[in-house]
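Let the hints inform the model, and build the full structure from the sequences given.
Protein sequence lines, in the order shown, are assigned to chains A and B. The first sequence begins at 1 in our numbering and counts up one residue at a time. The second sequence begins at 1 in our numbering and counts up one residue at a time.
Simulated from the structure, these hints should not be mistaken for lab results.
What follows is a list of derived Cβ distance ranges for each label pair:
1) Tyr127(B) <-> Leu247(A): 28 to 38 Å
2) Gly67(B) <-> Gly292(A): 21 to 31 Å
3) Gly60(B) <-> Trp134(A): 52 to 62 Å
4) His189(B) <-> Pro189(A): 26 to 36 Å
5) Tyr288(A) <-> Gln150(B): 30 to 40 Å
Derived coverage of chain A by chain B (criterion: at least 3 residues anywhere in the stretch with Cβ under 8 Å from a Cβ of chain B; other residues may be distant):
6) 164 to 173
7) 180 to 189
Positions of the beta carbon are idealized from the N, C-alpha and C atoms, including for glycine.
In case you want the letters, here they are:
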Amino acid sequence: MDRVSAAGILRGGPLLPLFLLLFLGAVFGPLCALVFITAQYIPGNLPDVIALLVPAGRRLGLLLSSVALAAAVAGAGTVIGLLAGSLLWDLREGVWSRARWLVVVLAPVPAFLYAQAWMAVCALLATAGSVAAWVPAGWVLSFWVQLGAVLPIAVGLCMLAMASVDIPSIEAARVVAPDITVFRRIVVPIAAPALGACAGLLFLLSITDYSVPTLFSVNVYALEIFAEFSASSEPARALLLAIPLLLVTLLVIFATQGRIRNLMEGTGVFQRSASPPEYPRWFAALRYGALGIVVLHAGTLVASLLVTAVTMNRHLPAVANASGDIGVSFGIGIAAAVCCLPIAYAAATMMNRSGRQGGVWWLLCIAPLAVPSPLVGIGLIVLWNSLLPAGIYGTAAMPVLAALARFAPVAALILLAQLRHIDPLLTDAARVFQRGVVRTWVQVRLPLLAPGLVAAACMVFALSAGELGATLLVIPPGLETVTIRMYNYLHYGSSGAVAGLGLVMTVLMLAAGGVAVAAMRGWSRLMTGRPSSHGAGGDTG
Amino acid sequence: MIECNDLGRRFGTVRAVDAVSFAVSGDVVILGPSGSGKSTLLRLIAGLEIPDTGTIALDGAVVSQAGWALSPHRRNISCMFQMPALWPHMTVAENVRFAMGASRNGSADRLDALLEGAAITPLADRYPREISGGEARRVALVRALAREAQYLLLDEPLLNLNRELKDRMFDLLQEEQRRTGAVLVYITHDLEEADQIPATVLRMAGGRLVEGPE
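What follows is the structure, given as structure tokens:
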């Protein structure tokens with residue numbers, strides 16, 4: 001059905017232009033400020049500019065190794081996500097049928113919490129005599145931890161990819177070919193756009209993150225941007241240095257953007273074939289192996305948290321000391337979640353429109369995903385300290401603005417997915433029977449949008465509370481978030497002190513993820529009359 | 001020979017197929033209104049649904065029983081669903097060729113003959129999104145015929161086709177059936193269509209068999 005219909009009724013009304021303006025300001029303001037100040041810097045510093053723009057020597061090596069690390073994480077994550085996701089997708093009974101949701105709940109847990117868990121494991125192994133020599137370090141450990149951190153997202157996206165393959169296509173093939181052939185020739189090619197989107201997203205998450213690599217003494221290009229700004233205090237140099245990385249990330253974004261958009265399409269009803277597929281043993285072993293890796297990572301995280309919980313008495317002082325930081329993180333998360341909803345919704349309604357307008361807004365919403373977090377922080381400093389000294393710089397609003405700049409597009413994408421899964425007929429009916437704008441909003445639009453709003457708010461809350469790259473630069477003197485405190489502890493090797501804080505953070509993240517998943521499942525039940533984990537076979541009577 | 005014994009399939013509280021028993025050798029037409037359980041019965045025979053009760057045997061070999069079903073591709077069946085279900089990443093010719101693959105008769109001549117028979121030769125290199133709904137149904141039927149399986153399961157194959165195309169597709173179906181000797185399981189709600197097929201008629205209503213051989 002034409003999406004325009006849904007977009008028409010769900011548009012934001014007279015406040016739409018204001019919210020759109022705020023969205024553009026929040027997301028692109030810091031970047032525009034950076035570009036403005038860089039334009040002033042360029043004329044008098046041409047040799048410097050060229051040297052920064054063209055990576056050579058050590059910097060070229062750093063860029064290539066960063067791309068290699070991100071590509072390895074994205075490739076391995078997508079393959080493991082596909083294998084484990086397809087297995088979880090096929091499991092329809094017992095505990096495992098619900099395990100897929102547990103995996104997805106882990107998605108907002110920040111990477112450095114996995115780092116903390118694996119550092120503890122490595123420390124334990126290092127004391128175990130003969131095994132000590134085999135304990136991974138550096139690049140390998142960084143890859144392993146980043147992989148673990150993105151696996152919940154990978155599994156979730158791959159399950160969405162499986163959902164994008166319609167059941168009749170699979171069943172028509174199952175009649176004529178073995179299930180492994182159906183998987184290879186039908187399922188994977190049809191799901192390929194969504195799988196490409198998954199790989200693209202994992203690549204972006206990995207290449208723009210420096211928190212995990214630096215914990216394992218691996219230098220990456222994203223850190224170089226931060227280091228350049230710290231050393232020179234020159235925002236223009238940071239932007240110029242970042243441009244090679246930006247080109248890579250933008251290339252990935254544009255190569256996968258249509259695919260990410262396709263991922264938003266779909267029935268909204270998760271379907272599976274009624275009779276389970278039969279795969280050869282080698283493939284079944286691969287799928288269980290992939291699931292094993294997912295479980296190993298999740299299990300290591302959970303085990304480290306359980307050990308912390310059991311010995312919580314020892315960690316209470318550290319938690320008590322950080323109670324102020326916990327409050328700051330919570331406050332930033334809540335403020336960002338609340339502020340982002342109206343502007344993200346406005347952007348989502350624009351993306352949902354057909355034609356060029358929708359396409360332009362789509363680009364405006366996904367392009368910011370390519371921006372490394374330190375650039376956002378530096379841009380905010382330029383904007384509010386140099387260009388618009390309006391009393392915002394140096395206040396608690398700065399980390400909230402950083403979170404908005406980074407995660408409002410994410411919220412917009414979640415809300416777009418929700419808008420696209422709303423049957424246009426429902427909104428058309430509301431249009432016909434409309435009894436006042438407020439009443440229609442409260443009785444029709446909000447209930448239809450509620451799961452998306454809840455999911456987007458929870459995701460923004462979790463991401464903002466765990467944000468490091470931009471927050472580190474803009475947090476005002478006297479304030480600190482739990483993430484910054486934990487990162488500092490981990491960076492200087494006092495991993496024991498972060499255990500309790502890690503538990504607190506993870507509980508916060510899991511609670512946010514759990515609420516988001518519960519909202520989406522509740523909506524699915526409302527739309528289909530049954531939980532979304534059930535098969536499609538039930539509809540074929 | 002298709003034998004169903006006390007076959008049942010329930011979705012929640014709805015008994016889509018309820019204690020259906022019959023044994024038929026040769027072609028069979030399953031008649032009934034919407035929601036009578038015809039399509040579910042066909043999916044059970046195809047192995048796409050697992051029965052809650054009863055058994056299905058093809059040529060004496062049990063292929064489905066409560067809680068278990070032999071994989072669809074091991075049943076020597078071919079199938080056309082109510083929806084064309086064409087694979088969107090394959091052209092029309094590739095869709096048909098994929099179905100031919102398992103039959104070892106995937107020659108270019110045979111592909112050409114089938115496409116010609118259904119008057120869809122000009123569509124061979126088009127993707128499903130580039131053809132109309134009626135054309136897609138014809139491609140789906142050709143794909144089912146291309147398999148040359150022992151049992152040919154067709155769910156409303158001529159739905160929404162005009163008279164001329166209906167006749168043409170019906171001729172193609174009969175010609176292919178004569179050539180391969182396939183047993184036809186033909187689902188329709190159209191009495192006139194059912195009359196054209198010399199076959200045992202089963203009537204279903206409310207998930208139950210209301211007329212047919214025991």
